[in-house]
Amino acid sequence: MNEENVKKVTNIYNQVKTYKYNPSYTLHIEKAANFTFEALVNDYPMFIEYNPRVISGSKPINHAILKPGKQKLTIRMTPPVDKDYNMEHEIDMENIALKLSINYGEYVLEKVKDFKEALRYELPQQKGKLPYYEVNLEFDAIASYQEDIEGWQSGVDLTKEDKDKLLKEVEDFYKNIIQDYEKQDVNSLASKYYKKQFEIAQTNYMTKMYESQIVVDEWVKDINETAPFIFDHYMLRFYGNGKMVALVKTDKYYINLSTLMREDPETSEATWYHMYLYRPKPGAPLEVIR
Numbered sequence: 001m002n003e004e005n006v007k008k009v010t011n012i013y014n015q016v017k018t019y020k021y022n023p024s025y026t027l028h029i030e031k032a033a034n035f036t037f038e039a040l041v042n043d044y045p046m047f048i049e050y051n052p053r054v055i056s057g058s059k060p061i062n063h064a065i066l067k068p069g070k071q072k073l074t075i076r077m078t079p080p081v082d083k084d085y086n087m088e089h090e091i092d093m094e095n096i097a098l099k100l101s102i103n104y105g106e107y108v109l110e111k112v113k114d115f116k117e118a119l120r121y122e123l124p125q126q127k128g129k130l131p132y133y134e135v136n137l138e139f140d141a142i143a144s145y146q147e148d149i150e151g152w153q154s155g156v157d158l159t160k161e162d163k164d165k166l167l168k169e170v171e172d173f174y175k176n177i178i179q180d181y182e183k184q185d186v187n188s189l190a191s192k193y194y195k196k197q198f199e200i201a202q203t204n205y206m207t208k209m210y211e212s213q214i215v216v217d218e219w220v221k222d223i224n225e226t227a228p229f230i231f232d233h234y235m236l237r238f239y240g241n242g243k244m245v246a247l248v249k250t251d252k253y254y255i256n257l258s259t260l261m262r263e264d265p266e267t268s269e270a271t272w273y274h275m276y277l278y279r280p281k282p283g284a285p286l287e288v289i290r
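Residue 82 in the numbering used here sits at position 82 of the sequence shown; the count goes up by one each step and never skips.
By construction, these hints were calculated from the structure, which means they are not laboratory data. Using N, Cα and C, we set each Cβ at its ideal position, and we do this for glycine too. Treat each hint with caution, since some may be false.
[Stated by the list, open to error] Once the Cα atoms are required to be at most 30 Å apart in a straight line, the calculated DSSO-like pairs of lysine-lysine come out as:
{"hint": "1", "residue 1": "K99", "residue 2": "K111"}
{"hint": "2", "residue 1": "K221", "residue 2": "K72"}
{"hint": "3", "residue 1": "K70", "residue 2": "K111"}
[Claimed, not checked] Simulated restraints, written as ranges between beta carbons of each label pair:
{"hint": "4", "residue 1": "N86", "residue 2": "D140", "range": "39 to 45 Å"}
{"hint": "5", "residue 1": "K99", "residue 2": "Q213", "range": "33 to 39 Å"}
{"hint": "6", "residue 1": "K113", "residue 2": "Q179", "range": "31 to 37 Å"}
{"hint": "7", "residue 1": "K67", "residue 2": "E94", "range": "28 to 34 Å"}
{"hint": "8", "residue 1": "D185", "residue 2": "Q213", "range": "29 to 35 Å"}
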């Protein structure tokens with residue numbers, strides 16, 4: 001654990017800046033019933049839900065907010081699945097419910113109950129049946145850290161590249177990452193994940209030592225995992241308005257989840273490592289950005 005890149009990650013907390021105002025934004029899915037969906041902030045996935053149940057939950061979204069001003073929230077709704085994860089052909093629009101909100105405030109200095117709302121939305125009553133439905137919303141956000149992170153916004157538009165060559169490059173990147181896990185090479189993982197971890201720390205104002213150390217602790221736990229990687233049944237998907245790319249599963253049990261995953265052959269319990277790549281400039285190799 002004394003290797004150079006690991007040290008850089010455990011020292012991230014020392015590099016993180018704070019500002020006059022450090023708001024944290026949280027997306028709350030208060031209710032999502034009778035459909036499956038993806039919720040994306042600025043075309044970056046926050047929720048990927050394909051479960052036969054009513055969904056509710058909250059997730060921090062600062063790491064998807066790269067600059068201040070108008071932000072985009074997209075809910076991509078698809079038909080529900082049964083207990084065997086078989087997807088129906090249509091969404092019964094009269095039988096669905098969607099209620100969500102985004103709030104923000106500065107932890108420690110403000111009580112959560114005093115946080116302000118950036119957005120509140122409830123889907124109006126609908127009619128008919130549809131194979132797909134999309135909700136597009138906007139909200140305003142502050143991003144004091146905009147000068148201190150790169151994000152993917154200035155990256156190359158990967159949708160304009162040769163798809164076969166790009167797929168091969170992405171596959172090779174994933175295979176290389178899998179080798180790092182299997183060889184228990186934490187230092188190599190730290191090198192590849194550094195920019196991602198720094199930007200997550202900066203956008204969430206993580207200035208405590210343990211917040212950086214816990215990242216490495218999780219990698220150590222992950223490399224000691226014995227379940228094999230299952231690297232199959234996947235497709236290339238673009239995010240971040242074409243600036244990011246990932247390989248996602250296509251089989252019904254794990255649809256659209258990361259193909260960087262392990263599955264226990266006895267219990268079928270699965271673990272995913274979500275990873276999004278971008279190309280910082282033309283001709284440069286792909287890098288992990290989220």
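Do the hints match the structure? See the list:
Straight-line distance between C-alpha atoms of K99 and K111 comes to about 23 Å, which keeps the hinted pair within the 30 Å bound. A hinted pair counts as satisfied when its Cα atoms are at most 30 Å apart, and K221 with K72 does not qualify at roughly 35 Å. For the suggested pair K70 and K111, the alpha carbons sit about 25 Å apart, so the restraint of at most 30 Å is met. For the pair N86 and D140, the supplied restraint of 39 to 45 Å holds, since their beta-carbon distance comes to about 40 Å.
With their beta carbons about 37 Å apart, K99 and Q213 fall inside the hinted range of 33 to 39 Å. The hint said 31 to 37 Å for the Cβ distance between K113 and Q179, and at roughly 48 Å that hint is violated. Checked against the hint of 28 to 34 Å, the pair K67 and E94 fails, with Cβ atoms roughly 39 Å apart. A hinted range of 29 to 35 Å for the beta carbons of D185 and Q213 is inconsistent with their spacing of about 19 Å.
Comparing the model with each numbered hint stated earlier shows that hints 2, 6, 7, 8 do not hold.
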